[in-house]
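Number of protein chains: 2
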Amino acid sequence: MKKTLYIFQNGELRRKDNSLYFETEERKRYIPVENTNDIYIFGEVDVSKRFLEFAAQKEIIVHYFNHYGYYVGSFYPREHLNSGHVVLKQAEHYIDPGKRLELARLFVQGSIRQMERVLKYYRPRLSEPEKLEKALQSIEQEAVKLDQAETVEQLMAVEGHIREAYYASFDAIIRHPDFVFDKRTKRPPHNRLNALISFGNSIVYTMCLSEIYKTYLDPRIGFLHSTNFRRFSLNLDIAEIFKPIIVDRLIFALVNKKMLSSKHFEKLTNGIVLNEEGRKLFVSELEKKMQTTVQHRHLGKSVSYRRLIRLELYKVQKHILGEKTYEPYAARW
Amino acid sequence: MKKTLYIFQNGELRRKDNSLYFETEERKRYIPVENTNDIYIFGEVDVSKRFLEFAAQKEIIVHYFNHYGYYVGSFYPREHLNSGHVVLKQAEHYIDPGKRLELARLFVQGSIRQMERVLKYYRPRLSEPEKLEKALQSIEQEAVKLDQAETVEQLMAVEGHIREAYYASFDAIIRHPDFVFDKRTKRPPHNRLNALISFGNSIVYTMCLSEIYKTYLDPRIGFLHSTNFRRFSLNLDIAEIFKPIIVDRLIFALVNKKMLSSKHFEKLTNGIVLNEEGRKLFVSELEKKMQTTVQHRHLGKSVSYRRLIRLELYKVQKHILGEKTYEPYAARW
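As given, the protein sequences belong to chains A and B, one line each in that order.
First residue of the first sequence: 1, per this note's numbering; consecutive thereafter.
First residue of the second sequence: 1, per this note's numbering; consecutive thereafter.
Errors might be hidden in some of the hints.
Since the list gives no way to pick out one identical chain from another, each pair is judged satisfied if it fits inside one copy or across any two copies.
[To be verified] Quick list of in silico lysine-lysine cross-link-like pairs, DSSO-like style, CA-CA up to 27 Å:
(1) 99 to 3
(2) 99 to 263
(3) 99 to 89
(4) 267 to 280
(5) 214 to 58
(6) 263 to 58
(7) 58 to 186
(8) 186 to 315
(9) 267 to 58
(10) 16 to 267
(11) 89 to 318
None of these hints come from the bench; they were simulated from the model.
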């Protein structure tokens, strides 16, 4: 299976003939092109045009993150899988309010089911399961409203309330004085737990973008997230299904196992972010998680989380082509 | 209006504080960030991450083209009021039968006007102008039906009849025993004149595709040519406007000036194509033609044919965004 290359050092991405390499002052490291899915740049890196040309041929996408670990943008090669038919169908499902609402609702429902799954997983493992029980009840109550929502905005509002209840139960799962949830804060996050959520989510958005490139879908046309102010939005939709089971569970594990501590963070004037050491640790554990496999009900075999994302995209594709109604992935552990 | 910066030299794109600049061995040129919409890289250019970060903040998109001028890919910032919007509008104009018909009709009308323009140009230059006169009359008669066409298929049928009359007059313009039109044949062409038309058209399709990559339009969604079985179709639509004045006139010139002869062709088992020498000659003359300038009525200045194609695309973009109804380019020589 192809891998993600994370670059934290400063240096240059270069090409020599049909090889790609990363060069720092100390050394030169070859990049196994056939085995690389995408490249995440965190360090101060110069990239030559010849590098990008060859990367594009090999369908390697390059994603940039800034000094604080925020996603900046991506080098997106010219579409290689090309289907006017799929993009039209995708646009049709966006333009038609009913079709858009149906898909958006499925994404929200899928996302909520995953949040519930996470809470149910931790419930029997806690000394005070009541808090999660309460959160689960209020989520269930609120979720009923999804069926009545008549616009994407209404869906978003319901999803927002549910997410609040979900996040509020993080403190019951984590119980660590250095990692208190308080409330969701972004750009910048105001505490460590929020910094972890923001960083983790941005990586999952990027992973989803990389996988979209390998389908006929157009990343610009999302359904739950509207197609306007972000360059890419379909990846945000898909990420909804995976954030709880990938990012949130990883955060719980890293904090509860004391692998992450306050030394992995740095204070900004008005917030807090992971420092380089923290980011390295986080992505290396995330990468391990992405490679782990889960049993897939329909396929009857084990697939990695990365593969699950791709399968999810194929399902969305089948939905917009009218072949099969999209059924969001539901974790079963 | 913000501008596009084209970089043909080799060098480096760098940032210093809140300035962006392009540096070559000889000099350093500052980039007016507030006034730059996007950057097209044709030379061998290294780009630093800090450059892209600031460009992303300023919503500047960076597009890469390879040594041959083909589009390779783009650096897309995280947020940008974006082509997702344009592609949706484009799809809307395809999905809505009325909107699609309107645009398709404009392409056919534009194309026919250019065919007439070519015939009118040659009419006074021939010893037997009657043949062109007759063709022009039958084109005019047939063209009336365009207004009544209610489907794209009907438009296509009218356009087919007109194109037949147009091609039938090639023999009057060329009058060379080695270059007889007979009838339009493709894949493979059955005679030399057809081989020239096929080759010339394919180059113009590609030129249009390259120019589309310099706009926000999606090449997969055409209007006259349906969006289904070809990878790209918008370029075929646009090419309709330019084939007569670029390809056909070039063919007439090359044959009548005896620059092309039977030695530039090679026979296949079931057809005939240009050989390497012929292709080289053709593209080098075509490239010269693309660089020549024509007076542009609205801009009040001379622009190259290549630029004309781009301007045509901007007009289509304005049309689908509802800013201004598309008016196809009409040659005035």
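To see whether the hints hold, each was checked on the structure:
1. 99 to 3: Neither: 30 Å inside a copy, 38 Å across copies.
2. 99 to 263: neither (48 Å within a copy, 59 Å between copies)
3. 99 to 89: Close inside one copy (11 Å) and across copies (17 Å); limit 27 Å.
4. 267 to 280: Within one copy only: 17 Å inside a chain, 62 Å across chains, cut-off 27 Å.
5. 214 to 58: Result: close both inside a copy and across copies, 12 Å intra and 23 Å inter.
6. 263 to 58: For residue 263 and residue 58, the Cα distance exceeds 27 Å both inside one copy (39 Å) and across copies (34 Å).
7. 58 to 186: between (35 Å within a copy, 21 Å between copies)
8. 186 to 315: Answer is neither: 31 Å inside a copy and 39 Å across each miss the 27 Å cutoff.
9. 267 to 58: between (39 Å within a copy, 26 Å between copies)
10. 16 to 267: between (40 Å within a copy, 25 Å between copies)
11. 89 to 318: both (10 Å within a copy, 23 Å between copies)
In summary, the structure is inconsistent with hints 1, 2, 6, 8 from the numbered list given earlier, while agreeing with the others.
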